[in-house]
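Engineer: Residue strings, one per chain:
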Amino acid sequence: AQKITQTQPGMFVQEKEAVTLDCTYDTSDQSYGLFWYKQPSSGEMIFLIYQGSYDEQNATEGRYSLNFQKARKSANLVISASQLGDSAMYFCAMREYYGNNRLAFGKGNQVVVIP
Amino acid sequence: DSGVTQTPKHLITATGQRVTLRCSPRSGDLSVYWYQQSLDQGLQFLIQYYNGEERAKGNILERFSAQQFPDLHSELNLSSLELGDSALYFCASSPQGGDTEAFFGQGTRLTVV
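Chain order of the listed sequences is A and B. For the first sequence, the positions run 1 to 115 when this note's numbering is used. For the second sequence, the positions run 1 to 113 when this note's numbering is used.
Bound-form chain A, shown alone (with noise of 0.2 Å):
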């Protein structure tokens, strides 16, 4: 079964714009982490922001926020005033820390930032 899903067709972003990623999980564990990582045309992972399961407030680094509800398995990425190099794929990730505590991915979502 998909644990995670990423089901938004690729998005054109205005430049200075936000945007939200979304981002369902599934996953019958208490303890659990949820991460997001940008894949550039180069091809690295680069995290981005995590949330665990536990955590009350909302992550937050620099312009990304991760909107968390816990209720819903939701834990969609918003990205603030949009920049050229956001352009990116970007991947939803879960870790549940009583299984075999791997990252399982989602198929990710292709953004594209224009001027």
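Calculated directly from the structure, the hints in this document are not laboratory data. None of the hints are false.
Partner residues are not named here, just some residues of chain A that face chain B (Cβ under 7 Å, in silico):
no. : residue
1   : Gly43
2   : Glu44
3   : Met45
4   : Arg102
Derived EDC-like pairs: lysine to aspartate or glutamate, alpha-carbon spacing no greater than 20 Å straight-line:
no. : chain 1 : residue 1 : chain 2 : residue 2
5   : A       : Lys16     : A       : Glu61
6   : A       : Lys73     : A       : Asp29
7   : A       : Lys73     : A       : Asp55
8   : B       : Lys57     : A       : Glu96
9   : A       : Lys3      : B       : Asp40
10  : B       : Lys9      : A       : Glu44
11  : A       : Lys73     : A       : Asp22
12  : A       : Lys73     : A       : Glu96
13  : A       : Lys16     : A       : Asp86
14  : A       : Lys3      : A       : Asp29
15  : A       : Lys70     : A       : Glu96
16  : A       : Lys107    : B       : Asp40
Just the calculated beta-carbon pair ranges, DEER-fashion:
no. : chain 1 : residue 1 : chain 2 : residue 2 : range
17  : A       : Arg63     : B       : Gly16     : 39 to 49 Å
18  : B       : Lys9      : A       : Glu56     : 40 to 50 Å
19  : A       : Phe12     : B       : Val113    : 30 to 40 Å
20  : A       : Pro115    : B       : Asp71     : 45 to 55 Å
21  : B       : Gly84     : A       : Glu56     : 37 to 47 Å
22  : B       : Arg63     : A       : Thr60     : 39 to 49 Å
23  : B       : Leu83     : A       : Asp29     : 31 to 41 Å
24  : A       : Met11     : B       : Ser38     : 20 to 30 Å
Even for Gly, the Cβ is constructed at its ideal location relative to N, Cα and C.
Put chain B on the given structure of chain A with help from the hints.
Structural biologist: Structure of chain B alone, referenced to chain A:
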């Protein structure tokens, strides 16, 4: 720079051959994970090592093997290569058991011809 180093960055080899991919984790990180990224399968977990011992196994083929050495660097060995093994192979590392962070190397792009 994530602090995770993977070599080589690119590798082109023929079917049937054997290759070794190398990963140096971030200083102090005990866990090393290997992932394969292909167009059809997406990002797939292969295997995890923690402080030299295999901790978890994912969708790793029998033709593939890995190990983590006393200095904590890891190697992924791919043998009897097939065209379908062409992919981007990532190594990631985490401190301790890997709670809040998993930093990836730049990947090794393997092309099997």
